[in-house]
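Novice: Each chain, written out:
Protein chains: 2
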Amino acid sequence: MTKKLGGDIKVIGLGPGSLDDLSPRARRALENCDVVVGYSTYIKLIENLIEGKKIISTGMMHEAERCRAALDCALDDHTVAVVSSGDAGIYGMAGLMLEMILELPIDRRPTVEVIAGISAVQASAAILGAPLTHDFAVISLSDLLTDWSVIERRIECAAAGDFVIAFYNPKSHKRVTQIERAREIILKFRAEDTPVGIVRNVSRDNQSKTISTLENFTREPIDMFTLVIVGSSKTFVKDGFMITPRLKQ
Amino acid sequence: MTKKLGGDIKVIGLGPGSLDDLSPRARRALENCDVVVGYSTYIKLIENLIEGKKIISTGMMHEAERCRAALDCALDDHTVAVVSSGDAGIYGMAGLMLEMILELPIDRRPTVEVIAGISAVQASAAILGAPLTHDFAVISLSDLLTDWSVIERRIECAAAGDFVIAFYNPKSHKRVTQIERAREIILKFRAEDTPVGIVRNVSRDNQSKTISTLENFTREPIDMFTLVIVGSSKTFVKDGFMITPRLKQ
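Residue numbers (the working numbering), protein chains in the order written: chain A, -13 to 235; chain B, -13 to 235.
Don't take every hint at face value.
As the list makes no split between identical chains, a pair holds if one copy fits it or if it spans any two.
Claimed, not checked - With a Cα cut of at most 30 Å, we get these calculated DSSO-like pairs of lysine-lysine:
(1) K160 - K220
(2) K195 - K224
(3) K220 - K195
(4) K220 - K174
These aren't lab readings, by the way, just hints derived from the structure by calculation.
The following block holds chain A by itself, in its conformation from the complex (with noise of 0.2 Å):
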């Protein structure tokens, strides 16, 4: 038998912040490997999925080096799971990990497989009630790879469909403007009284939940732990639950 090039790359979504949520197949592929590369909060929420493996783990905003860290290994034969917060393929590291393999010559890859988690939308969703059972869109507020007209287009286009907006990255340190300006966009199509859905740290610890309207919500605490929910024409709130029918009303 000859031997075969190229390790084994797995690219897992652990879900959004307890072992929870994370599914078999992913927690199966972890036991598997041999090399664990990711985002050291994520590595923590795994340590003990992981004992006695390599591991190597950088800060935030390194992907690329954790991608390429990731192929280095794979390419020694290892079998490596790359892990992502959520799920690997929403704003997670599918992508950049799939883009690097593929500029290998397609006899020197490694295999790869995309393994899905539960994303924080699906988890806040879930806390608020049933806000996205109806059609909805999913857009990221942070203009670090993305140009801001880009965003504010989008944002523009799902206002103006009626679709229930889930948004990711709303806020952080350095960037404040972009839920106020996207707060301002949506309510060119929707009505003030509009329920938002905030859910912080989700499925974290110090998890926390409030539902407020499209008038008020950007008053509320949000940050880069924060997935806001602006609900469609149709959403409304009873008691504490934020819904958005299925039927024809």
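Assemble the complex: chain A is given as a structure, and chain B must be docked to it using the hints.
Specialist: Below, chain B without anything else, positioned relative to chain A:
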């Protein structure tokens, strides 16, 4: 101690079709309930987990009947699991179940928790590569419960906003024109060679995937067990992987 009035309802997303996707949180809720309510196909998926429990299963389309049965059991002090495939909060049972509970006087309501699951769009994206790595919109093409004019407007807005667009319920025996109309609308905004991923029976034994183009994809087999993902202007295909990059290009 006074006896607690009303039982407990967990609305549970089972994932797209394999127990490999079932979160520990969902599994524990299934193990701890004494009544399980769901569409017969999904009950079958979990039958080994729910042996000995009372099972109320119905055919498709009887959602209201199932929710009513779940509520009746909960009001008899049972712990009830209402199961959906995918994520209970995305075109699942969470909205209807909550609406029905909220119709009761507040002191007669069972406690309720929604437990998120991996949705078909995520599992399909993972099979295709990383098509959802940037902003996306999720639209159901079923006009059973939604006026077609609303759906068409959403398709147009999502296309105008250059969202990656995921279509649930793209086509059935009776509904064959909607996906063709969606294609026509998107073609007003995007190139004919825009990648389109088609995944059938995701996470099930007969899973298949095809990557086509906006011009040609409706020639592929598409049914109610198919998820269609239309790329944005930035989405590309290479060696069988469909990727929407996150980075500025």
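Novice: Against each hint, give a clear statement of whether it holds in the structure.
Specialist: Results of checking the hints against the structure:
no.: 1; hint: K160 - K220; result: between (34 Å within a copy, 27 Å between copies)
no.: 2; hint: K195 - K224; result: within (15 Å within a copy, 41 Å between copies)
no.: 3; hint: K220 - K195; result: within (21 Å within a copy, 34 Å between copies)
no.: 4; hint: K220 - K174; result: both (16 Å within a copy, 28 Å between copies)
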